[in-house]
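Colleague: So that you can map any letter, position 241 of the sequence shown is 241 in the working numbering, and since no number is skipped, the others follow by simple counting.
Derived from the structure by calculation, the hints contain no laboratory data.
Just so we're clear, the structure is a prediction, and the values are computed from it rather than from any experiment.
Take these hints with a grain of salt, some might be off.
Keeping only pairs whose Cα atoms sit at most 25 Å apart, straight-line, the calculated SDA-like set for lysine to any residue is [unchecked claim]: (1) K287 to K99; (2) K133 to P157; (3) K99 to R260; (4) K99 to A250; (5) K99 to V281; (6) K133 to A250.
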Amino acid sequence: MAQKESGALQPLVDLIPDNIFMAATVNGNMLLVIVVVILFGIALILVDPEKSAPVTRVIAGLNEAVLKLIDMIMLTAPFGVFALMASLVVEAPSIDLFKALLWYGFTVLLGLAILILLFYPTLARLFTGIGYKRFFQGISPAQLLAFSTSSSAATLPLTMERVTEHMGVDEEVSSFVLPIGATINMDGTSLYQGVAAVFIAQALNIDLDITAQLTIVATATLASIGAAAVPGAGMVMLVIVLNAVGVPEAGLALIFAVDRPLDMCRTIANITGDATVALMVGKSLGKLHEPQPKDLDDFYQFSGSKRDSE
């Protein structure tokens, strides 16, 4: 019996709570709650829409209320962050703290740069044949808007326009893939949460064994799926990641001061990933084509080059 409880598949068994309501009352069990919620969402999709509509309306209303509550809390966040940072600077050597923050920011930016500049363009090249230059000429206006707004949702209309009219993806594909991607495909947020959790643990002298590190990877991935496509949502979901490995939430104060520019950069990674997936889905379904003549004129005007026929 003991061997069965400590077997290789035991971590998967532990993802299913004995009591979902009891798990929801313990912050350290949020990973269990996320798994159950994902399964519940899949079940709602498979149910007759007429029967699931009342439940989805209630969930949508609760989601809007929670987002509004977060907005209200964030109005007072600068005062709380100032107080927390002041105490941390007093208690810790300030130079060492700021050096650690610089290394943290550099690590996050390096990971995001690899995603944006190497990983996504390579996928697009391998699976769709779209070159590096054309890929960025097509998506760069949406990337600039994502950088300025820090919101995948606010950038979504422009992302759909660029992917459809300037990169050749059929509107039927882009109108389905991109809204879903803006909701659940947040690779940049997932990367940031993993790095942030490890940094906070190290700053607080908390050792993370291999199990805790794997828990961070799993929790950050699932938490990024549930993060809202609005500025600062990744920081809120980071609480779940920290609780999963027993790291105090007070450690968020360490990274709050530098979170805004990192949020802007990880939003670029999120929408670039969405565009890449849309291109790959369009190619697999035979709905990826060359931009139409009007779109080509806009494309060459944006790129500053001339058409071959000229």
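Colleague: Run every hint past the structure and note whether it holds.
Modeller: Each hint, compared with the structure:
1. K287 to K99: 49 Å, violated
2. K133 to P157: Measuring from Cα to Cα gives roughly 22 Å; hence the hint holds.
3. K99 to R260: 18 Å, holds
4. K99 to A250: 20 Å, holds
5. K99 to V281: 43 Å, violated
6. K133 to A250: At roughly 44 Å apart (the allowed maximum being 25 Å), A250 and K133 break the hint.
Hints 1, 5 and 6 from the earlier list are contradicted by this structure; the remaining hints agree with it.
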